[in-house]
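Colleague: Below, each chain spelled out in residue letters.
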Amino acid sequence: MSLVSIRDVRKSYGTVEVLKGVSLEVAKGDVVAIIGRSGSGKSTLLRCINGLETYQSGVILADGIEVGGLQANLRELRRHVGMVFQQFNLFPHLTAAENVMLAPTVVNKTPKKEARELAAEVLAKVGLSEKMDAYPSQLSGGQQQRVAIARSLAMRPKVLLCDEITSALDPELVNEVLRVVEQLAKEGMTLILVTHEMRFARDVGTHLVFMHHGKVHETGKPKEVFAAPRTPELQQFVSGIG
Amino acid sequence: MSDFSLWIIVKNLLWATQWTIILSLIAFIGGGIVGLILLFLRTSQVKWLEVPTKLYIEFFQGTPLLMQLFLFFFGVALFGLEVSPWMAAGLALTLWTSAFLTEIWRGCVEAIPKGQWEASASVAMNYVEQMRYVILPQAMRIAIAPTVGFSVQVIKGTALASIIGFVELTKAGTMINNATFRPFLVYSLVALIYFCLCFPLSWYAKRLEGKLNVAR
Numbered sequence: 001m002s003l004v005s006i007r008d009v010r011k012s013y014g015t016v017e018v019l020k021g022v023s024l025e026v027a028k029g030d031v032v033a034i035i036g037r038s039g040s041g042k043s044t045l046l047r048c049i050n051g052l053e054t055y056q057s058g059v060i061l062a063d064g065i066e067v068g069g070l071q072a073n074l075r076e077l078r079r080h081v082g083m084v085f086q087q088f089n090l091f092p093h094l095t096a097a098e099n100v101m102l103a104p105t106v107v108n109k110t111p112k113k114e115a116r117e118l119a120a121e122v123l124a125k126v127g128l129s130e131k132m133d134a135y136p137s138q139l140s141g142g143q144q145q146r147v148a149i150a151r152s153l154a155m156r157p158k159v160l161l162c163d164e165i166t167s168a169l170d171p172e173l174v175n176e177v178l179r180v181v182e183q184l185a186k187e188g189m190t191l192i193l194v195t196h197e198m199r200f201a202r203d204v205g206t207h208l209v210f211m212h213h214g215k216v217h218e219t220g221k222p223k224e225v226f227a228a229p230r231t232p233e234l235q236q237f238v239s240g241i242g
Numbered sequence: 001m002s003d004f005s006l007w008i009i010v011k012n013l014l015w016a017t018q019w020t021i022i023l024s025l026i027a028f029i030g031g032g033i034v035g036l037i038l039l040f041l042r043t044s045q046v047k048w049l050e051v052p053t054k055l056y057i058e059f060f061q062g063t064p065l066l067m068q069l070f071l072f073f074f075g076v077a078l079f080g081l082e083v084s085p086w087m088a089a090g091l092a093l094t095l096w097t098s099a100f101l102t103e104i105w106r107g108c109v110e111a112i113p114k115g116q117w118e119a120s121a122s123v124a125m126n127y128v129e130q131m132r133y134v135i136l137p138q139a140m141r142i143a144i145a146p147t148v149g150f151s152v153q154v155i156k157g158t159a160l161a162s163i164i165g166f167v168e169l170t171k172a173g174t175m176i177n178n179a180t181f182r183p184f185l186v187y188s189l190v191a192l193i194y195f196c197l198c199f200p201l202s203w204y205a206k207r208l209e210g211k212l213n214v215a216r
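One line per chain: the protein sequences are A and B, in this order.
Counted from 1, the first sequence has number 108 at position 108 by our numbering; the numbering is strictly sequential.
Counted from 1, the second sequence has number 72 at position 72 by our numbering; the numbering is strictly sequential.
Hints listed in this document are in silico derivations from the structure and should not be mistaken for laboratory results.
Predicted model, so just to flag it, every value in this text is computed and none were measured.
C-beta: ideal position from N, C-alpha, C; glycine also.
One should not assume that every hint holds.
[Claimed, not checked] Partial pick of chain B residues on the chain A-facing surface, computed with a CB cut under 7 Å:
(1) E58
(2) Q61
(3) G115
(4) A119
(5) V123
(6) E129
(7) Y133
(8) V134
With these hints in hand, go ahead and build the complete structure from the sequences.
Modeller: The following block contains the structure:
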């Protein structure tokens, strides 16, 4: 059974239709890279999966829970679906460890001491054991993004959504974040990434999804798709990126 | 006679000042509590909670405080309930303060970037948890200066309670003037006392504002 199942999802902002019937199945352990021009609907699609955006028709099931359903379901769903953002969105008034501990203590009622151990564990995983008590403003962009990943991991998500997580970073900081994501992929974490890092999509992704004008335009194994894009739009996109 | 009465005047005004201070504190603390509750309703994104809250705020912001005092003092009496000037003034000022504080604080909540809401939502926090642990701690920082600034308006607002017979600084001034017929002296002293209460607060608010601007 698919972990995330998207069936014929449509969404419009007013008269502008941004998703025109998107369907996508993501199985456990898949690393799905969604690429496409800006405005093609890829971020919107990602944000529909954990209910940050609503959609008008179609069905999204994540871990068996229908996203368009009731409020209580959305909370349950988000406990299992993590998200990392382009702008990190760390809580600036909390230290790295507190950022990580907040949701486990508040939402899962994990005792403080246990949550602190959990924070140590996930921050070690992203290589930031030293920075547990640092505030976001004291960290570089790459470090902040890794804390944001750790914050998601602390909820033990079944799937992690990554929305252009390296786009706001200085070029020299991109790799430290990608390495963490690659490691997660190796450990079997299910990932859905909207990305502009084509090399990363090709080397780490198990599936590639090319979105164009609000639709899944082409999909397949990343290496094959990049080597021989079938549609002229993807050919153009790939050659344009270089 | 005259130097004797100056001391009496000052003593009586200072005595009445305590009621101005107490009424201000009641209005400010009560208004803060009501305001905080209203803030949660006002920013909840739930229509049937937001709309009545908005109407409440519009009413208290859009009508003179004096009218509100009359409504509480004379209006409630129509329903056969005895309302003391104390009750009426305390209640009206509390609600009036809450309306303004809610709007001030709403501005501060809305100044927090949308990403903070999204990040906290995506780790499964609900609205109340988001407000309590993520949004309010950040919004409070920017709210302190305008909140302290507004407390000056509350202190000055208590002067209107004199009209429904609540004996605070202004009412005491009026009574003393009726006895001494020295309006310029009496009201100068009244104004001076108000100034001594308000100036430190507005000075402190200004300083806080400056501090926050530097921090940014």
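Colleague: Which numbered hints turn out to be false for this structure?
Modeller: 1, 2
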